[in-house]
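Respectively, the protein sequence lines represent chains Y and F.
Read in order, the letters of the first sequence are residues 127 to 581 in my numbering.
Read in order, the letters of the second sequence are residues 127 to 581 in my numbering.
Read the hints as simulated data drawn from the structure, not as lab findings.
Treat each hint with caution, since some may be false.
If chains are identical, the list can't say which one is meant, so a pair holds when it fits in one copy or spans any two.
Said to hold, decoys possible - 20 Å max Cα-Cα, derived SDA-like pairs, lysine to any residue: (1) K380 with T536; (2) K226 with Y381; (3) K443 with T331; (4) K204 with Y381.
Quantities reported herein were computed from a predicted structural model and do not represent experimental measurements.
Protein chains: 2
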Amino acid sequence: MEQIPYKIYLNENEMPTAWYNVRADMKKKPAPLLNPGTGKPMTAEELGHVFCDELVRQELNDTDAYIPIPDEIRAFYKMYRPSPLVRAYCLEEKLQSPAKIYYKFEGNNTSGSHKLNSAIAQAYYAKKQGLRGVTTETGAGQWGTALSMACSYFDLDCLVYMVKVSYEQKPFRREVMRTYGAQVTPSPSNTTAIGRKILEEFPGTGGSLGCAISEAVEAATTREGYRYVLGSVLNQVLLHQSVIGLETKAALDKYGIKPDIIIGCAGGGSNLGGLISPFMGEVLRGEKNYRFIAVEPASCPSLTRGKYAYDFCDTGKVCPLAKMYTLGSGFIPAPNHAGGLRYHGMSSILSELYDQGLLEARSVVQTDVFRAAEAFARVEGILPAPESAHAIKVAIDEAQKCKETGEEKTIVFGLTGTGYFDMVAYEKFHNGEMGDYIPSDEELQKGFDKLPKLN
Amino acid sequence: MEQIPYKIYLNENEMPTAWYNVRADMKKKPAPLLNPGTGKPMTAEELGHVFCDELVRQELNDTDAYIPIPDEIRAFYKMYRPSPLVRAYCLEEKLQSPAKIYYKFEGNNTSGSHKLNSAIAQAYYAKKQGLRGVTTETGAGQWGTALSMACSYFDLDCLVYMVKVSYEQKPFRREVMRTYGAQVTPSPSNTTAIGRKILEEFPGTGGSLGCAISEAVEAATTREGYRYVLGSVLNQVLLHQSVIGLETKAALDKYGIKPDIIIGCAGGGSNLGGLISPFMGEVLRGEKNYRFIAVEPASCPSLTRGKYAYDFCDTGKVCPLAKMYTLGSGFIPAPNHAGGLRYHGMSSILSELYDQGLLEARSVVQTDVFRAAEAFARVEGILPAPESAHAIKVAIDEAQKCKETGEEKTIVFGLTGTGYFDMVAYEKFHNGEMGDYIPSDEELQKGFDKLPKLN
Chain Y
127 MEQIPYKIYL NENEMPTAWY NVRADMKKKP APLLNPGTGK PMTAEELGHV FCDELVRQEL
187 NDTDAYIPIP DEIRAFYKMY RPSPLVRAYC LEEKLQSPAK IYYKFEGNNT SGSHKLNSAI
247 AQAYYAKKQG LRGVTTETGA GQWGTALSMA CSYFDLDCLV YMVKVSYEQK PFRREVMRTY
307 GAQVTPSPSN TTAIGRKILE EFPGTGGSLG CAISEAVEAA TTREGYRYVL GSVLNQVLLH
367 QSVIGLETKA ALDKYGIKPD IIIGCAGGGS NLGGLISPFM GEVLRGEKNY RFIAVEPASC
427 PSLTRGKYAY DFCDTGKVCP LAKMYTLGSG FIPAPNHAGG LRYHGMSSIL SELYDQGLLE
487 ARSVVQTDVF RAAEAFARVE GILPAPESAH AIKVAIDEAQ KCKETGEEKT IVFGLTGTGY
547 FDMVAYEKFH NGEMGDYIPS DEELQKGFDK LPKLN
Chain F
127 MEQIPYKIYL NENEMPTAWY NVRADMKKKP APLLNPGTGK PMTAEELGHV FCDELVRQEL
187 NDTDAYIPIP DEIRAFYKMY RPSPLVRAYC LEEKLQSPAK IYYKFEGNNT SGSHKLNSAI
247 AQAYYAKKQG LRGVTTETGA GQWGTALSMA CSYFDLDCLV YMVKVSYEQK PFRREVMRTY
307 GAQVTPSPSN TTAIGRKILE EFPGTGGSLG CAISEAVEAA TTREGYRYVL GSVLNQVLLH
367 QSVIGLETKA ALDKYGIKPD IIIGCAGGGS NLGGLISPFM GEVLRGEKNY RFIAVEPASC
427 PSLTRGKYAY DFCDTGKVCP LAKMYTLGSG FIPAPNHAGG LRYHGMSSIL SELYDQGLLE
487 ARSVVQTDVF RAAEAFARVE GILPAPESAH AIKVAIDEAQ KCKETGEEKT IVFGLTGTGY
547 FDMVAYEKFH NGEMGDYIPS DEELQKGFDK LPKLN
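Sequences and hints are given; from them, build the entire structure.
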């Protein structure tokens, strides 16, 4: 057989022409979004006040397995895709493991992560609907950056509410967004009613993701020609992110490689869901078998220690209710540098698959994650984002097990992004100033106690 | 003909197996390095005190056109190479120019620039010689980062003297180097005699590249098993960087494309020299014709306004004399955010080619450069390093000329790296706080007055 190259690049004409919608192959579908007021499933009309029409259709579509990717989006994808599937020869040698390790690297674009895959789709549909712009929130900044790039491409206004403490601590992220023409506002701000209310109550607050979401939704629904967009959790986002898994599968198939284990970090689920979807489809259709592992921070363990229940997607409780593994929308995760994984809930699709026993989950502490990140960087060259390094940690663990048993397993993991804007966290790690935090059962119970009564 | 893809990726087996040494095809060779004490050409033995033996051989070799790339270096190259040659379809459309624009993108590796191409070669030869480690200086930090990665791969000590003001202002660059295990020391430091002397004279100094070079050379020559390495200017560096040009040429040849103009930014010359070498070889052998344009900052115009003369490579005057276009080793460039282009001299190879009229040069002011950088980022997605953006500026200028004349020229430029660690400069630009500086003739004369008497 042809020797496997270090990096498998598909040709541009081998890129997917349609996204894969895993819900179509699920016998038991993910539970629908509910209107918190009525307790009834959200209608397309209700969702249309907040989201673009075409995205609402995608959100509610659980029957079509393939949804064509518009040419305009494919043209943009070609600027940074197909992304490489890398054979981690150097890591394998370092570990002296018989395991064969591959990673799908999504960090080779300026936004630094996979978030761009959905940002460009959401911006496209907003443009097509004739909107003036979109609003969103951002914490760590990867999503905001991706959306800024996408809006710049389609000449759309982009209003980003950035958690104030991040706005101040991550000025470089902010400047990248400004380079792409986004208007970045520290949240809470006095540009919205909810922001003014919060500022009045807590004048010195550094803000939170929940508050930023509320401001972004208010900004979208009170301005003519704007809609709100979100970078994870939603079905539509996982749909767009399926491009990751489709490319991964095409690259593996090209070389006749069948993975045994597929691993991804999981915050809201955008990357993991996208990576595993096409493989999960094969399992759901009874064609093949794989192990899937979701990796989450021990400080925010929604799958491993959460409840499967209807909950608010945001702390401000302005969004619909979603059925998901959750720590409660009031749960405030301890400071963990993997900002992209500090979310109290998990995508409804992944939650349902986990509940059906088709997906495993594991939680890891952050010092272990940074140790894995550094070891990986030194042999594979790439400086991983802390989020991505969660997957690296478990991939290394699994490869070590292979070393013990002598099994030649094939491990594939998602390397979602780069860590250039996370050097403060690396510095703390180098200086021995990084701690680990695992919430107590009592602490988690407080979050569960505040779940909506509906359940 | 087959449609040209957005990104031309060579297969790994199409990567070059040998570097191209343009000096072999030059009838009039670049002038040799001179011993400042004797005024005679530096011997291999003299150079061997400072540099690795094999690198000294490469430095002095102006007869062999091809020097094989060792397998170990090729294996490392495969982790991030071949780098894409991108067809700038989106930029072309934005400019509405009939020009066809391509760029060779060298930023898709963690060091963020092309510097890694030579760093890994220099680290390899140091390891092969049985050395314990290497020393170097870094200003903006791209070279230090690249060398850290290379040393980590070969398990070599890496001592980086980082200009103190950069060390303090660019803590993230420092942390990337520490991630790869480098020991980063702010310069001037009390770890060397020259550093202590400078600190005594100027206790509050923020340091300079010249001082950092002096410390790095002292550290290399006073420790058992260490040598000094440099990221630009030297012949050996241009040799290693020829991998950029060889891949570019292979990718163009694959699609039958003949460039009309090849453009690169020029500080010490590592990128430009590497990019143009194989094409210049064709010109030197009388096979083809191309226009080559070196782009430098107006604040540090060594080619456009410098003198072709023997000069010191460093302000500390500890290095040999090189014949080059220079502003004088005492010339202190005004603050320009393209740190990698703030060098008083220019590679001897490029200087000689320029003197022979084979290479054009153009200087540009930095606000124009950032305007071009931002326009490029918005349509092509990639956030360019300020250094690289010098080439973008002139590529856009040339494409605009094509628009006026209607000529369908093919323009190729080098996009050397990404700007993730340069957001302070972007911020100044966004805030309208960035100025331009063009030195007066009187100022330049002061630098020329201090050139070594030898000339």
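> Out of the numbered hints, which ones does the structure contradict?
Replying inline: Failing hints: none at all.
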